[in-house]
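S.K.: Go by the hints and put chain E onto chain X.
The lines below spell out each chain.
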Amino acid sequence: NAGVTQTPKFRVLKTGQSMTLLCAQDMNHEYMYWYRQDPGMGLRLIHYSVGEGTTAKGEVPDGYNVSRLKKQNFLLGLESAAPSQTSVYFCASSYGGRRTDTQYFGPGTRLTVL
Amino acid sequence: TQLLEQSPQFLSIQEGENLTVYCNSSSVFSSLQWYRQEPGEGPVLLVTVVTGGEVKKLKRLTFQFGDARKDSSLHITAAQPGDTGLYLCAAPGDSNYQLIWGAGTKLIIKP
Chain X
1 NAGVTQTPKF RVLKTGQSMT LLCAQDMNHE YMYWYRQDPG MGLRLIHYSV
51 GEGTTAKGEV PDGYNVSRLK KQNFLLGLES AAPSQTSVYF CASSYGGRRT
101 DTQYFGPGTR LTVL
Chain E
1001 TQLLEQSPQF LSIQEGENLT VYCNSSSVFS SLQWYRQEPG EGPVLLVTVV
1051 TGGEVKKLKR LTFQFGDARK DSSLHITAAQ PGDTGLYLCA APGDSNYQLI
1101 WGAGTKLIIK P
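So the protein sequences, as listed, match chains X and E. If you read the first sequence in this note's numbering, its first letter stands for residue 1, the second for the next number, and so on. If you read the second sequence in this note's numbering, its first letter stands for residue 1001, the second for the next number, and so on.
In isolation and in its complexed conformation, chain X is listed as follows:
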């Protein structure tokens, strides 16, 4: 049982380049989330999904797109990276959508945009 996995672990991009971050979970969870974590700030929700084929905007969605074609995978895309998107990105999943439900996090992707 791998839980939540993320690829890649590290990436360096130049301004304007694009990339996709992959999140996979093997717990059959319906809900999946993408967060970013910046120094001195709490985790901020970028986008989330309440089931296969669905996505919704979170607190800071601008500059990002997501897709959930399969229940176990949640992809985060950056179409034209900007230095402000330098951050650590975490994917999480939960069985239910109640905010008392446990969110299970992946190990994160550290992204630097030059």
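It is possible that some hints are incorrect.
Said to hold, decoys possible - Partial list, computed: chain E residues near chain X (C-beta under 7 Å):
| id | residue |
| --- | --- |
| 1 | Phe-1010 |
| 2 | Ser-1031 |
| 3 | Gly-1042 |
| 4 | Pro-1043 |
| 5 | Thr-1048 |
| 6 | Gln-1098 |
| 7 | Trp-1101 |
| 8 | Ala-1103 |
No wet-lab data here; the hints were simulated from the structure. Because the structure is a prediction, the values reported are computed rather than measured. All C-beta atoms in this analysis are idealised placements derived from N, C-alpha and C, irrespective of residue type, glycine included.
M.R.: Chain E in isolation, oriented as in the chain X frame:
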């Protein structure tokens, strides 16, 4: 705007000492969670509190939810190096499915 303020931001103490960290807000929350995050890893849930005044214990960790459900504390007794990490609190935001997060308390326990 709902905010969760955690204090202190950073705490470094010797093994065996006791400590308390705080999570405060001006908003009332229906529940609150505490997570611990180790370097290079994602946060891991420690506890969820849902009732004002509730106290939960997890071995040497004691969590309390304020009577007015605006604040919470985490007390660690006889801290050990394995307690080192970033302690985050999280509570329901205004939008569905959304949690708001504090910036965390970075705790270092020196042997």
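S.K.: Indicate, hint by hint, whether the structure satisfies it.
M.R.: Hints versus structure:
1. Phe-1010: Interface hint status for Phe-1010/E: violated (11 Å vs cutoff 7 Å).
2. Ser-1031: This interface hint holds because 5 Å falls under the 7 Å limit.
3. Gly-1042: 3 Å, holds
4. Pro-1043: Nearest chain X Cβ about 5 Å off; hint holds.
5. Thr-1048: 5 Å, holds
6. Gln-1098: 6 Å, holds
7. Trp-1101: The hint holds - Trp-1101/E has a Cβ within 7 Å of chain X, the shortest such distance being about 3 Å.
8. Ala-1103: 5 Å, holds
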